[in-house]
Amino acid sequence: MLQTVFAPWDDPTAKPLIRFSNVTKQFGDFTAVRNLTLDIYEHEFFALLGPSGCGKTTMMRMLAGFEDPSSGQIELAGQDIVPVPPNKRAVNMMFQSYALFPHLNVWDNIAFGLRRAAMPKDALRARVEEMLKLTRLERFARRKPHQISGGQRQRVALARSLAKAPRLLLLDEPMGALDKKLRQDTQFELMDIQEKTGTTFVIVTHDQEEAMTVASRVAVMDEGELIQVATPSAIYEAPNCVYVADFIGDVNIIEGAVHPCGPTCYKLHWAEGFAPLVASSEQPFATAQKVFLAIRPEKMHISAEPPAGAENTIQGRVHDIAYLGNISTYHVEVAGGRILKAQAANTRRIENRGFTWDDQVWLSWAANAGVLLEA
Amino acid sequence: MRLSGFNITSLTLGFAFLYLPMVILVVYSFNESRLVTVWTGFSTKWYGELLNNQAFLDAAWVTFKVAVFSSTLATVLGTLAAYALVRGGRFLGRTLFSGMIYAPLVMPEVITGLSLLLLFIGIGLERGVLTIVLAHTTFSMCYVSVVVSSRLVAFDRSLEEAALDLGCSPWGAFRLVTLPIIAPAVISGWLLAFTLSLDDLVIASFTTGPSATTLPIKIFSAVRLGVSPEINALSTLMIAIVTLGVIVASLLSKRNFVHQQQRNTVD
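Going down the list, the sequences are from chains A and B. Okay, so the first sequence: first residue is 18 according to this note's numbering, each after it adds one. Okay, so the second sequence: first residue is 61 according to this note's numbering, each after it adds one.
Please keep in mind that the hints were generated in silico from the structure rather than gathered at the bench. Be a bit skeptical, because a hint or two may be false.
To be verified - Stretch-level coverage of chain A by chain B, calculated; a stretch enters the list once three of its residues show a Cβ under 8 angstroms from a Cβ in chain B:
#1 118–124
#2 129–135
Said to hold, decoys possible - Under the rule of at most 25 angstroms between Cα atoms (straight-line distance), these lysine to aspartate or glutamate pairs were calculated in the DMTMM-like manner:
#3 B/Lys-314 to B/Glu-220
#4 A/Lys-161 to B/Asp-216
#5 A/Lys-307 to A/Glu-322
#6 A/Lys-105 to B/Glu-221
#7 A/Lys-161 to B/Glu-220
#8 A/Lys-307 to A/Glu-350
For each residue, glycine too, the CB sits at the ideal point set by N, CA and C.
Produce the complete structure using the sequences and hints provided.
Structure follows, in structure tokens:
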């Protein structure tokens, strides 16, 4: 049986829910968003990821209507929304500070938007109850925001922004104020709610793990530009530049010059007097072109004995070990004082480990384990 | 903290300096004798006399009317001015405006009174209750604006954005979200304006006409003929009202502050 994969971005006939066309936003001399074009599809859970000041929050505020683009167009379901004020958009936002109304209780906070839409009393009550149930807040309906915990407040903010059943829900760092454990639980809860309601979510975050966990697609931004827009696995496995590779997770970057050795095979000369590394790449490179090989620490195998049959092998010395319980990250010093990181699962008890600080070790990996990136 | 002898002495001196005149006034308002400086026994008869003195009662009524109208007007104008200055962003002349709104705080009352008098004469407005109300509004609205804008500065802007996002018009967001939250500051601004209007003599005497005599004016002119125990009684009542107003205003702003603190700590 053929399982249908949710990937409207690969379907050329699919109509996007949101379309940014050549959007630029300037604050005085500062350009927050630079000539940006982006499509977001219905039912997507789309993450805008980047360091602070990269323009992700400005993108969101333009969608909500709190900022107007300096130039370019923003469409929602085919309609230009730039002239529409925030209170007339079928878009709701969950604020980073939650922005719960302190003078209203949980119930009235959730009902606030529905009352503005003049919803009939019975329907309003039913909708609020439904939202309370969805976010498991029934017991706290009569409490004021300052009488509930941070996690509960976060759920009130979510319920309030979902109550009007918006076409698009914007979430601005929704888990920024929660501690790590609660954040992980909340991420899964958020995904459940997104699936149940079928609403399109756009989330802004600087936490790459969070973006990877919740999103159907991630847009990595830097200095007002989109660097890469792809699914979490594509971003992780096939970053399109060093910035993305470095921003998402941990990565080793080895610099060198390439020489083709086959249609998709390249030899990377990385250090004088050492055997070149073999790497495969779909993207063509010229002979002697300067490139970066990006390779994830967990894709590097570390062993005390020279491994047999590995495509790439480098000898080195254990410089440092970061013990994380389930895994350890080994910092291995190789030719020229370069440090490479290799990650290994701690399947054996720590005292049975084959190597420790200052031991000679071999790092090995397959030709297709890393990605060649243009320098 | 333990109080040392030095601290107690300086505290006593300071408070004596501030409150001894008023204590004497209050005590002598309960004096039986007609002579202000000779104590003959406790009595509340001067308070009774006061209630029968139609001139004083009329002046009290004028003062009350002026205080209510001017403080209400000042609260509306002062709140709007504070909102525009804090929320208006960077508009042309913003710094000038915010400086100008606080100018009446330091302007000598004589000058304020005189310039208002010239204005009223210039536009041919007959002097009376209306002119005092207008005059009091001009100087007390800046106090309201100071109180309200200090609250607005601490106000989380995203609350208003959330209201807009949920379908409020800008006016709706102000009415349904901003105003209820800053209400304690607005009320304490009103009380402050009320008490300021209640005890103003200088500006009122510049801008009043024969038809409207406020209590401070009445007291001032009565005292010129000699201090009577009746005046003491009246002044005591005014002290009581003003004190009450100030206490309620400071309690309101303190409560507001504590609430904010609570909210900040739970966040």
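Status of the hints after comparison with the structure:
1. Only residues whose beta carbon comes within less than 8 angstroms of a beta carbon in chain B count, and the stretch 118–124 of chain A has 3; three or more means the coverage holds.
2. Counting residues of the stretch 129–135 of chain A whose C-beta lies closer than 8 angstroms to any C-beta of chain B gives 4; at least three are required, and the coverage claim holds.
3. At most 25 angstroms may separate the alpha-carbon atoms for a hinted pair to count; B/Lys-314 and B/Glu-220 meet this at roughly 23 angstroms.
4. Distance hint between A/Lys-161 and B/Asp-216 is fulfilled; the C-alpha atoms sit about 17 angstroms from each other, no more than 25 angstroms.
5. About 32 angstroms separates the Cα atoms of A/Lys-307 and A/Glu-322, which puts this hinted pair outside 25 angstroms; it is violated.
6. Among the hinted pairs, A/Lys-105 with B/Glu-221 is consistent with the structure: their alpha-carbon atoms are about 13 angstroms apart, no more than 25 angstroms.
7. This hinted pair checks out: A/Lys-161 and B/Glu-220 have alpha carbons roughly 18 angstroms apart, not beyond 25 angstroms.
8. Taken as a hint, the A/Lys-307 and A/Glu-350 pair is honoured in the structure, with Cα atoms around 23 angstroms apart against an allowance of 25 angstroms.
Checked against the numbered hints given earlier, the structure breaks only hint 5 and satisfies all the rest.
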